[in-house]
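Each protein sequence line maps, in turn, to chains A and B. Be aware that the first sequence starts at 1, since it is given in the UniProt record's numbering, and climbs by one per residue. Be aware that the second sequence starts at 1, since it is given in the UniProt record's numbering, and climbs by one per residue.
Hints in this document: simulated from the structure, not taken from any laboratory. Keep in mind that a hint or two might mislead.
For identical chains, the list gives no copy identity; a pair is met inside one copy or between any two copies.
[To be verified] In silico SDA-like cross-links for lysine to any residue, where the CA-CA straight-line distance does not exceed 25 angstroms:
| # | residue 1 | residue 2 |
| --- | --- | --- |
| 1 | Lys274 | Ser122 |
| 2 | Lys233 | Ala72 |
| 3 | Lys274 | Thr241 |
| 4 | Lys183 | Glu96 |
| 5 | Lys220 | Thr297 |
| 6 | Lys274 | His115 |
| 7 | Lys373 | Glu96 |
| 8 | Lys203 | Asn278 |
| 9 | Lys274 | His164 |
| 10 | Lys334 | Val199 |
| 11 | Lys220 | Ser327 |
These figures come from a predicted structure and were not determined experimentally.
Here is what each chain is made of, one letter per residue.
Number of protein chains: 2
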Amino acid sequence: MTTQRIRDFLATRRPDGPCLVVDLDVVRDNFDAFRHAMPDSAIYYAVKANPAPEVLKLLAGLGSNFDCASVAEIEMALEAGATAARISYGNTIKKERDVARAHALGVSLFAVDSHEEVEKISRAAPGARVFCRVLTDGEGAEWPLSRKFGCVPQMAVDVLVYAHQLGLQSYGVSFHVGSQMTKVDAWDSALADAKRVFVSLAKQGIHLQMVNMGGGFPTKYLRDVPSAEAYGKSIYQALRTHFGNQIPQTIIEPGRGMVGNAGVIKAEVVLISKKSDNDDARWVFLDIGKFGGLAETMDEAIRYPIRTEHDGDEMEPCVIAGPTCDSADVLYEKNLYPLPISLSIGDEVLIEGTGAYTTTYSAVAFNGFDPLKAYII
Amino acid sequence: MTTQRIRDFLATRRPDGPCLVVDLDVVRDNFDAFRHAMPDSAIYYAVKANPAPEVLKLLAGLGSNFDCASVAEIEMALEAGATAARISYGNTIKKERDVARAHALGVSLFAVDSHEEVEKISRAAPGARVFCRVLTDGEGAEWPLSRKFGCVPQMAVDVLVYAHQLGLQSYGVSFHVGSQMTKVDAWDSALADAKRVFVSLAKQGIHLQMVNMGGGFPTKYLRDVPSAEAYGKSIYQALRTHFGNQIPQTIIEPGRGMVGNAGVIKAEVVLISKKSDNDDARWVFLDIGKFGGLAETMDEAIRYPIRTEHDGDEMEPCVIAGPTCDSADVLYEKNLYPLPISLSIGDEVLIEGTGAYTTTYSAVAFNGFDPLKAYII
Chain A
1 MTTQRIRDFL ATRRPDGPCL VVDLDVVRDN FDAFRHAMPD SAIYYAVKAN PAPEVLKLLA
61 GLGSNFDCAS VAEIEMALEA GATAARISYG NTIKKERDVA RAHALGVSLF AVDSHEEVEK
121 ISRAAPGARV FCRVLTDGEG AEWPLSRKFG CVPQMAVDVL VYAHQLGLQS YGVSFHVGSQ
181 MTKVDAWDSA LADAKRVFVS LAKQGIHLQM VNMGGGFPTK YLRDVPSAEA YGKSIYQALR
241 THFGNQIPQT IIEPGRGMVG NAGVIKAEVV LISKKSDNDD ARWVFLDIGK FGGLAETMDE
301 AIRYPIRTEH DGDEMEPCVI AGPTCDSADV LYEKNLYPLP ISLSIGDEVL IEGTGAYTTT
361 YSAVAFNGFD PLKAYII
Chain B
1 MTTQRIRDFL ATRRPDGPCL VVDLDVVRDN FDAFRHAMPD SAIYYAVKAN PAPEVLKLLA
61 GLGSNFDCAS VAEIEMALEA GATAARISYG NTIKKERDVA RAHALGVSLF AVDSHEEVEK
121 ISRAAPGARV FCRVLTDGEG AEWPLSRKFG CVPQMAVDVL VYAHQLGLQS YGVSFHVGSQ
181 MTKVDAWDSA LADAKRVFVS LAKQGIHLQM VNMGGGFPTK YLRDVPSAEA YGKSIYQALR
241 THFGNQIPQT IIEPGRGMVG NAGVIKAEVV LISKKSDNDD ARWVFLDIGK FGGLAETMDE
301 AIRYPIRTEH DGDEMEPCVI AGPTCDSADV LYEKNLYPLP ISLSIGDEVL IEGTGAYTTT
361 YSAVAFNGFD PLKAYII
């Protein structure tokens, strides 16, 4: 998954310290794959996955829309060339003054999951379109889900009726099947819920127009994942099943699926040691860890492919840890990670599939270490 | 725990957005308490807990030494007025070129826990003093410990002999009983281990001079914690028990205990909602969460006191979550957190005991949110 362009960049530039290199050609390929696999859905790139200006500019040029989590992300999308009409303020948790700022910037599509949020939007962005997020069960997702976003479908009906009463345009329903979702049929039950919300509201004379099917599209880490095409087929089949010949507008919000496999982190082995002479496992300490960009190793949720220059050699299971003085800064310990016995202090390693959810997650200065550098090529 | 000076600052300045305010008077009091409770130990402030220049300058002026995790932290301590002789490079995981940079800056005290690290130091900082960290069991600590740092005592003997053979000054032993350690007798068994290492090395003609007793001193969150004096009494008793009338030089490395209770985070309630009409608990969303500085709520390890303007009112258990679109950004959900029923959207809350391990842990730009601002007064 490390492209030749990334290899060439690293060989030529030899950047010091850990860094992420993102190959824009891969991002373009991913965008094309989504557009081809789901031609009837609007693509809203989840900016939070990787807000690098070069990535946003490329996607804006390709015709992508943008799912933004904050006013800062809205401003970045506008700066990259997107019009406000192509931006969704997809965070269900917004300060009223941030809603007002987004409204002033021309944004007119907002996520909600509560009556309280509807009230804010009715005051700060009168007349805007809102979609209500419903809770899904998230089974099969590799990054932990919670009940943080969304409400139960029956409450979503009430929220959208309330929005209508307050003069907003009750526009649709959203859900998220869970990040790094490897089951292509995970959208089916959520679409069934969405349809029920459509029907309930239609009975009250409110005609929703859009289903935001969220993100969740995976990137390849150690295991193969289904293609965009397989997701597209399964999702469109589910749409036909539940909506028949009245399929609404649909939105998808790929983040990880758009940029995850486009990025590779170059890191360095700082130390390899044991805790006792008869320790079973070697500890391999890298110059990047949980606080330097690899936050998604929390609970060992995401297991990144790690390549070394010794990959043909005999392997042995290792603990992998980061460089900080924090004892929680351990990447893989419950499930040891096989690395070559010949791996040495000072060697470089490539951590693949790191284009999403790394740079911005990085701690600003923990232990005095700089945040993760990024090169977009 | 919110001092009048902090209240006055917030009332006068009305800073927008979440921010940490640190009262230097409290830091000074904490330093004095440690110096009074452990007069025979050198205080090495753990810079990583809060590296704000004002904090470092105050402590340098008071005569503190500094435990640094990186070259950047060493440079900050020097900048604050410490001499290189007052600095310990306490991270057991160091790039050889960073050891060389520290050596060039005049630092001559280094932590090790492996033969490999000893080799680096012998090459990059010839003749330096080294202390070897031994593993402790960490029982009773509230922040999760791991086996990340240190080696078993028998291996520490070998490491220090090796350091001696390579021309380094085998100077002492270190250990860390675990962060937020609330048992005052936790140092006893580690000091017994340290003594055994001293004895083993003395038999080989190597005379260690120092025990680095690490940090672990707690700050008050919701529960009371023992005073510095109680720790001092218990630790000096253990030193007498194990070292008799040959008590070595000792070092302590308070971080959390030095600055934790000096800081308060001002945050805002962004949303209060439920997930269904008959949901048991309200969800209270703040404008700060796990990625904005409250990383130590990971696994709900640290439970911060949260003050509101309605604290006399009836309370009910709530889920508390942060403002990002990340489902893992939930602070307290397994153990619900009691908050006043009268708490409303837009209200300010004060999160106490947040002077340590907050600002630098903050994500650099996750979801477009700025890192946590800090005001040192």
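Hint-by-hint comparison with the structure:
In the homo-oligomer, the alpha carbons of Lys274 and Ser122 lie at most 25 angstroms apart only across protomers (19 angstroms), although the nearest pairing inside one protomer, at 60 angstroms, exceeds that limit. In this homomeric assembly, Lys233 and Ala72 never come within 25 angstroms of each other (Cα to Cα): the closest approach is 35 angstroms inside a single copy and 52 angstroms across copies. Taking the shortest Cα distances, Lys274 and Thr241 never come within 25 angstroms of each other, neither inside one copy (57 angstroms) nor across copies (31 angstroms). Proximity of Lys183 and Glu96 under a CA criterion of 25 angstroms is satisfied in neither setting, with 37 angstroms inside one chain copy and 45 angstroms between copies.
When the C-alpha separation of Lys220 and Thr297 is checked against a cutoff of 25 angstroms, the pair qualifies only within one copy, where the shortest distance is 15 angstroms, while the shortest distance between copies is 30 angstroms. Proximity of Lys274 and His115 under a CA criterion of 25 angstroms is satisfied inter-copy only: 9 angstroms between copies versus 56 angstroms inside one chain copy. Within a single copy, Lys373 and Glu96 get their C-alpha atoms only as close as 33 angstroms, which misses the 25 angstroms cut-off; across copies the closest is 21 angstroms, which meets it. Within a single copy, Lys203 and Asn278 get their C-alpha atoms only as close as 71 angstroms, which misses the 25 angstroms cut-off; across copies the closest is 24 angstroms, which meets it.
In this assembly of identical chains, Lys274 and His164 lie within 25 angstroms of each other by CA distance solely across copies; the values are 20 angstroms between and 64 angstroms within a copy. Taking CA atoms no more than 25 angstroms apart as the test, Lys334 paired with Val199 passes in neither setting, with 47 angstroms inside one copy and 35 angstroms between copies. Taking the shortest Cα distances, Lys220 and Ser327 sit within 25 angstroms of each other only across copies (21 angstroms), while inside one copy they are farther apart (29 angstroms).
Consistency note: the structure conflicts with the earlier hints numbered 2, 3, 4 and 10.
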